[in-house]
Amino acid sequence: MTRRDKILAYLDNHTENDTASATTEQIATALGILRPNVSKELNQLVREDKVKKKNGRPVRYFILKETSHVTEKRLEKKPTIGFAGSTALIDNTENTTFTERVENNDVFAGMIGSRDSLKNQTEQAKAALLYPPHGLNTLIIGPTGSGKTYFANKMYRFAVAKKIIARKGFTTFNCADYAHNPQLLMSHLFGYVKGAFTGANEDKDGLIQEANGGMLFLDEVHRLPPEGQEMIFYFMDHGTYSRLGETAKVHRADVRLICATTENPESALLQTFVRRIPVTIQLPAFDQRSAREKLQLLQRLLTLEANRIRKNIRLSEDVVQALLGSVTYGNVGQLKSNIQLVCAQGFLNSMQNKNEINLKFSQLPPNIKDGLSHLANNRHELGKVTRLLEPMMVIKPDFKRGIPEVDSYELPYNLYEIIGDKAALLKDEGLDQSSINNFIMTDINLHLKSFYRQGKLDKTVNSLSEIVDQEIIDLTEQIQRFLQEKENYPVRESFIYAMSLHISSFIKRIQSGKPLRNMSDDLVSMVHDYPGELKIAGKIKKLVEEHYGFPIPQSEVYYMAILLASLRSEPKTGKVGIVVAAHGNSTASSMAQVVSQLLSVDNIAAFDMPLEMSPKVALDGIATQVRTIDRGNGVLLLVDMGSLSTFSSKLSEKTNVHVKTIDMVTTAMVLEAARKTALIDSGLEVVYRELREFAGYSRTLGKKQEKNEHTVSKQMAEQKKKAIIAICSTGEGTAKKIKELLDKILIDNLIDDITVITVSVVKMKAKIAEVQRDYEIVAATGIVEPEISVPFISLENLLQGGGERFVSLIEQVNDHNLDSVHALEQSETLTEETSQKYLDQYFTFINPNKITKILWDYCDFIQQHSDFIISNTFRVSLIMHLAGALERYLTRSEVEVDQQKIVAIKSDKLYASIKQANELLDKTLNIKITEGETYYLVALFNTEKKKINTL
Amino acid sequence: MDVRLLRIDSRLLHGQVATNWAKAISVNRILVVSDRVARDIMRKTLITQAAPPGIKANVITVEKMIKLFDDLRFVSLKPMILVEDPIDAKRLVEGGIKVKTINIGAMSFDSSKVMVTDTIAVGREDVKALKWLHDFGIELDVRKVASDSSKNLWKALLEKELVKDA
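Top to bottom, those sequences are chains A and B.
Under numbering that gives the first Met the number 0, the first residue of the first sequence carries the number 0, and numbering increases by one thereafter.
Under numbering that gives the first Met the number 0, the first residue of the second sequence carries the number 0, and numbering increases by one thereafter.
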């Protein structure tokens, strides 16, 4: 009798269910076998399902007898998620029938959040679909990747299930696909008749006809040209439309219409169009959804991948956190792409394992790894997520979930099959495993990148390759992989930028035979503090030497060590938080957005208060934002009206966070607050005190000027030259490149009085102090953020096109007119009076006093009769131009235009409206605007329209 | 810097006329040069926003314009320069900005001025500046849009007996 048989026999005799069971200890003593050996056998038996175990301490084992059915059932029911014990694919019958039953009844019930953050939206959608007799047209609004297509699809499935559409058919059209060619777009939608345009050789039906009896989904509807919107709303009103080239609207179609946009419909769509869509469904951004929902979404998306791979996916807590934190701007869509990326990678690394793939944190791509620190920055969110997490999560394929629905984040091919085939092929060719992995990982990245709509990585590397040779970028990527995989050295996203620029500069230096950089004592003593980095730098040196085949001087190793030390992620805790709260639908959030983009800071939250919002709701909303943004150092609340400033104490009470309030918020003030709080050692009280004294960047404003006139003039006299400092490890290589880049942007903005000065991190503080003696430092950029109170832009941001914004910020700060653009468009400052003042200034023969009102009405008339939205700026231009036209009439010097051009504009949509408006002038002033002048008026409108479209 | 056009127009960049010019002579920048406007946030904003699509407009002072003109860093600019009056035009030419012709669009009237053509009014200081420019050898071309036929302002000034040929 073997040891195993003995144990089986013992259990058979002494146990029958989970109460009549035995512990390892009991068995070991009874049979006289060593405990570890018993334990080993028992584990094997449990795996073979010959013995059951009851969890708990100590673990009890037993052989189940026929009599105890009930227990058996309970034990077999394993959760789909959270327990990794069995590798068999479990068909969780009970669960599935439940889902199916629900889905039959209500398609929406299976959607994550349908009882929570999407509850209202779901109700809205159902109401819109069921509304008698034909349902209501619906507009779905939500940021990129928030699931608009998915939601529309659900609506369609609901309509099918409830038999409220005549025919099965869900037609999708993305208006962005043909946005550059409105004619083609319209012909796709509405169809055309033979001869409507060159190439229209036969009659053709459009998508509207194709969708007859079904549902039509117009995605990115804001890209539909105004003519198209008009045709669509005519169709909504009457159910009839015309194909291109037809004059009468004779075609009829019964189509349920769902439109979607990422933009604010108030500004991106014709008002006449929006008015005709009674139901607007707003989908929340990913970060507005609850922690539980986020996790459910993650699990659902992972299940889709598990279905594809037909293996379990095992991932640890930190991988889940990193994935959730990696969602920055792209919402669920981005999460999906990121999950596909890490699953593809995991699939490759676990190719040998038939049953499961294992996602390890150490193997994640750096931008996903960064997600963990991103999430960790938000303590509350991290806490909420972590409470719901098990240390290890296992996702099993769930075939009842079926294949994923088609959407724009879905790869058009099976990536895993491609990986599998390719790996087999490479193996046949005799490659070793690590090179196979290397090859395929490049492939995966390529596939996903080419597919990833936002193409974030692509863009980055492209702009980097403009200043660094591709060879060096490749080498740096190789080094990055080496550090991650072999050395387990943490590498962040910025590594590629900083390191490739650094290598590029010293390779150029060596190749051109310039003298070696000397190794100062400062450098040596600084490196002394970073022995780990020095060791790694030595290894990088070897890699570079191998690649180029010439020796790299030891001094470079020291500089590289400094670079590595600078790149180590800094803890981001402790900043004072900022919450902007203001009345209006987007006033606060747009201020916060501008500033966080300009300064790339993450300690600003906004709270918009539509005018009808009650103070109670506002207080709760602000409290939530205060809690979100608090890092333990208090929160500065910036509000637009005094009445809100009484919130401080209530908020402190409610949130237990120290809150200080300042009223009369402006963009300039938010900017200043962000700059001040960016320094870790500036506390709430200090920032608060300093900000109270802040009166805009302009030194020439209002009363202050009188008081300070003396000091101001003194300041002017002593004014130092302005400088931007660019920081890199040596102050020579990378920083020089940055200098070139910034100089180019400065020149483009005609800024000639700001010098870019490069600084090395070695003895940075002293050098900056030195610079400050001769210059006023207005901004900084580079590999580390210096601790001075100026706007800072990171290297990545600068290279990703943030430079332009950075410089315009500096320009605005310099020019003292930061808020002017906003002020003009938002305020009511542009009145008839102002226009009259301008007319008075510029014109000779007309009487502004009498004419302004008429020209003002002219603008209103066009606006009412054409859906052309006239901005304040454009109104001024138009009034000035009209006044000019009137004067030209009076002096009989009207502009003349070719007859041909005049004929051409007669087909312009605006021509008729402008002619009508001109008649008004004729009626009131007895002045007839010539066709030549009309031509210029139409042209003026078209220029404006083009400008709006290119914005 | 290759100045494609120096134009006097008291309305500066308003309306379609300036856009028409910008297209006709292929400029890559519109520089509105006026000390007054550079200080007036409202007008500055209006003007930079009135720039035609694809061409950037900046409002700068006369002093800055002169500084930029000689600065080699700005050598690739091909601007159309707009000034409000002949006096600023003269300051630019004095400051070293090289042009053969100055285009005059519209100069607004006030009671201290006289009308020379239907859109151009000149005051005493304007005439002085225009004479200086003429004597400097610069042609004074009157056109509203690029396709108009060119008229010479100097002739009109002579006819009105505001100036005498030396």
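Think of the hints as simulated: they come from the structure by calculation, not from any bench.
A portion of the hints provided could be inaccurate.
What the hints assert, rightly or not - Simulated restraints, written as ranges between beta carbons of each label pair: (1) A:Ile868 <-> B:Asp70: 35 to 43 Å; (2) A:His864 <-> B:Asn151: 39 to 47 Å; (3) B:Gly95 <-> A:Gln477: 47 to 55 Å.
These numbers were taken from a predicted model, which means no experiment stands behind them.
Ideal Cβ positions, reconstructed from N, Cα and C, are used throughout, including at glycine.
Against which earlier hints does the structure fall short, listed by number upward?
-> When the structure is compared with the hints, none of them turns out to be violated.
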